[in-house]
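Peer 1: Single-letter residue listing:
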Amino acid sequence: MSTTETTASPHPQPTGYTSPLSRGRDGFRQLLHAEWTKLRTVRRWSLTLLGAVLATILASLLSAQGNQTSGGEDTIAVSADGTTVRDNFRFVHQSLTGDGSVTVRVAGIVPAPGRNADRPPILSPWTKAGLIAKASTVPGTGYAAIMLTPGHGVRFQHDFTGDTAGSSAGTAAPRWLRLTRTGALLTGYESTDGATWHKVGSAKPAGLSDTIEVGMFTTSPEAVTMNRSFSSTEVNGELGMATATFDHYTADGRVTGTLRPDDVRRAASSPNGPFPGMPSNTSTADNGTYTITAAGDIAPLEPDMDPVQQGLRGTMTGLIPLAALGVLFITAEFRRGMILTTFTASPRRGRVLAAKAVVLGAVTFVAGLLAALVSFGITRGILRGNGFKPPMFPEARWSDGSVLRALVGTGVLMALVTVCALAVGTLLRNTAAGIAVVVVVMVLPQILISGLPLGAARFLVQSTPMAGFSIQNTTHRVPQVDNVCLPEEGCYTYGPYAGLGVLAAYTAVLLALAVWQLRRRKV
Amino acid sequence: MDTTIEVSGLHKRFGQTPAVDGLSFTARPGHVTGFVGPNGAGKSTTMRMLVGLDLPDSGHAHIGGRPYRALRTPLYEVGALLDAGAIHPNRRGRDHLLWLAHSHGLSARRVDELLELVGLASAGRRRAGGYSLGMRQRLGIATALLGDPPVLLLDEPVNGLDPEGIRWIRGLLRSLAAEGRTVLISSHLMSELEDSADHLVVVGRGRLVAETGVAELLAAASGNRVAVRTEARVQAIAVLTGEGAAVAATGRDTLTVTDLPAERVIALLTTHTIPFSEVSAHRATLEEAYMELTRDSTEFHAAGDSALAHHPGED
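Residue numbers (full-length UniProt numbering), protein chains in the order written: chain A, 1 to 523; chain B, 1 to 315.
For reference, chain A alone in the conformation it holds in the complex (with noise of 0.2 Å):
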């Protein structure tokens, strides 16, 4: 540059201007350069980002101070892969060692009266009666066990996780069950009429050494009931006692003692039935029919809520600021005008767009996962101390896949939701309008689905970009267990990945859009 006071040439050079200036490159590179440059010029914006990162660890901070739990610990085992598991029933058996098999017919199900006398008893569709083999009458030790369900037809199930579904036969007819053993395996098998035999399942289970408890077994979870109306549910776990009538019952193979019934239940619980307050009774009649009832589930346990979720309740409150900001990172470009001369250094419009978004959410990704990683990290003793401990909620690692995910995850949930802000601010050009706009869009959700049909509401959570919010879901559900799965409650009933996904989505459609209209609109 030699532009100091000079005369004008009477003669200028007829070739032109040649700048002795090193050109450097404009490629994507440097566009990210320019982006992250404008983000960190402006102090508001750092402070901004600093913000969410304290709100969101504030926030989920003063959460769970206020989260409380408590109970249910008397009927929790742990079976033998460390799950924890629900495992009370009653069971009348005997010991049967090395191979053989036993038969019974299952002749009805019935509902019994529960502890509220008033109400109608009610039956669980996961009520189980049947057959079951099991290393001891300990709770939590393997088992294998064919069983007939009033709403799910014949299963086969072991060692609390295994599932495999029968006939789906139900509980109007008598259904033959038959558990083999050979060696290690033991198969399940259902018949309508005790001749022909149809294979349901077989498995290993863990920990049966040569002699195993096998026989009749009844049991009977809660039948859960919801009321729904705006702004209230009334969630009832009605403890569904039940009645299963069973007769023709052989054995064969090496058989000693004679049937006898037992509670399966940990010895600190109720003294007379496998649940608390929930007296389970037997009676024989002469001619081989066996009446159990009993209450209780065979079944992993799954508590209501997830500490690692609720260690991270703030996410939303810092989603605000950050809302805001991948707003504001575009509008005030169209506000000032500024946006011409971002255009005229780099004429490719979705170029830009696409290195704003990049930046943004690098930025946002490692401020989201900061916020993560502290949240997790002080929330953890909190909530321990209130209530959320093991053996309920088992105890959160910070190397448990799991819970990486959902601190990770968090991260990644408020870099798209930053960037599909961005999508937004583009396509509005209007800094109040879009951050009203990405607002309305996160929290009314929130609102309303407390308030509407649960079928709504789970649709509602699982198709506006707040689905991805189930990434920060650290608990695995099965399905053999009905569970009361409130959307409100953080409750989803897809997987993490899959919510994460919907909103990666809607980024996606979001920028898509925004990249078409930068194009074409007059800026």
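One thing to keep in mind: the hints can contain errors.
Not the full set, but computed from the structure, chain A residues with beta-carbon under 7 Å of chain B [as the list claims (entries may be wrong)]:
no., residue
1, 30
2, 42
3, 44
4, 332
5, 336
6, 397
Incomplete in silico selection of chain B near chain A, CB under 8 Å [unchecked claim]:
no., residue
7, 2
8, 76
9, 150
10, 180
11, 207
Beyond 12 Å from chain A on every Cβ pair, some chain B residues (computed) [said to hold, decoys possible]:
no., residue
12, 9
13, 163
14, 178
15, 212
16, 244
None of these hints come from the bench; they were simulated from the model. In this text, all values refer to a predicted model and were calculated from it rather than measured experimentally. From the three backbone atoms N, C-alpha and C, an ideal C-beta is built for every residue, glycine too.
Starting from the known structure of chain A, arrange chain B on it as the hints suggest.
Peer 2: Same frame as chain A, but now just chain B:
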């Protein structure tokens, strides 16, 4: 490398209103080309099309034979100042240049050089929201010069500058052209171009009014007029009109004589012993020349027709 700005048959309309209506002109390397016209004449729209912000309906606005959007490293090819106010008020002036520099891989050192050049070395450390219009113009000129481009497009760069600033920018523009750059500056005030532009493109209502050298334009506007200063106005008028000249009284003791060379005027006055203190060839100002050119094409006259078409995106 060819760095000529070439606008040819350019049309652009916004809705029903033609903003640029068949404009053609050329701005060559080594010249400061003034792009003049009243507000709403289509100057800014043309500038926007030159830097690819708008696409022409027909015709083309090329730089070095290519449309701007085809440039891959535009800051090295064309420096543009479109709107000096287009800065984020919470960003420091230096940071505004910095992001622009980073978009082309230029260093912070280059940014500091430019701040020094435009006289914002210390103000660059302050937030741009507190800048005066003049400081914004200087910052805008720095953005245009950042890539040391051979072509400069400056929309109303003199606007808001103080007298010292105007003197500075005139010198700067002349020296930039002297280095062989193509410099196109727009203005709605011809007087701003005095002493800097050597070539003029005059537009009105989106059309070309005149494309001419400044020297030729002034000569034409001056015409063969002679200014006479005399105490004996009445006698002088009688004598001069008697010789066939058109005479107009322009002041208490001044006359403007048309169609009579200065030597004849002096001879006649001397012959008739009419006293005079001054006889000189009339020099039109650029402003006068311009007013004459645009008399018919001015869209916004003093009063009355302000309800005429409003051009979106103009000025």
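Peer 1: When the hints from earlier in the document are held up against this structure, which numbers fail?
Peer 2: Numbers 6, 11, 14 - these are the hints that the structure violates, sorted from lowest upward.
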